[in-house]
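J.: Sequence:
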Amino acid sequence: MRDAVRVLGVDTSLRSTGYGVLEGTRSRARALTWGVIRNRRDCSRTRCLAHLASGIGACLDEYLPLETAIEGVFFCRNARTSLILGEARGAVLTTCAQRDVEVFEYAPRRVKEAVVGNGSARKEQIELMIRRLTGIQEKLPSDAADALAIAWCHLASATGPEALRGKGRV
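Under the working numbering, the sequence shown has 1342 at position 23, and the numbering climbs by one with no breaks.
Hints in this document: simulated from the structure, not taken from any laboratory.
It is possible that some hints are incorrect.
Label-pair ranges, simulated between beta-carbon atoms [what the hints assert, rightly or not]:
hint : residue 1 : residue 2 : range
1    : A1323     : S1363     : 19 to 27 Å
2    : C1362     : Q1417     : 18 to 26 Å
3    : S1439     : A1416     : 18 to 26 Å
4    : R1364     : A1416     : 15 to 23 Å
5    : L1385     : D1361     : 31 to 39 Å
Just so we're clear, the structure is a prediction, and the values are computed from it rather than from any experiment.
Glycine included, every Cβ here is placed at the ideal spot set by N, Cα and C.
Whole structure, please, built from the sequences with the hints as guidance.
T.: Following this line, the structure appears as structure tokens:
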């Protein structure tokens, strides 16, 4: 089993990207920071992507995680939504690559199972469990709770045999 790992979790979106940094092992972690990178509705897509990259870059530079965990691509009925989400993910992936931070991705169902034990868990359940698991007292923004949940899922995976085989690596 590996020693404590510091990981950035990211719940990617163009207008409201959640982030959270956890440090710990498979069974115990503490939250170092969390929040939401917001972009106004009147902001152009390119400005939103630049702001997202800048915000993720600042978090990487301040907390120095060696690994980042993101949610895997899920099915979107709307092609435009898929394209925009892909661009936002690209901004995060590029920012991590520029700093030599490895990126791992996890299916939404797997994240829910890792945190709540139920792949169909609701957002409220995720927020409540991530607060219990990390000892956070205050209510979390939904996007930040999701990002911390993604980071928790990675910690649970990163200290197991899958990590040694490189599973989930982007």
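J.: Does each hint fit the structure? Answer for all of them.
T.: Each hint tested on the structure:
1. A hinted range of 19 to 27 Å is violated for the C-beta pair A1323 and S1363, which are about 40 Å apart.
2. For C1362 and Q1417, the Cβ-Cβ distance of about 22 Å falls inside the hinted range of 18 to 26 Å, so the restraint holds.
3. Taking 18 to 26 Å as the suggested C-beta distance range, the pair S1439 and A1416 does not conform, at roughly 33 Å.
4. Restraint check, R1364 to A1416: a C-beta distance of roughly 21 Å satisfies the suggested window 15 to 23 Å.
5. As the Cβ distance of L1385 to D1361 is approximately 37 Å, the hint placing it in 31 to 39 Å holds.
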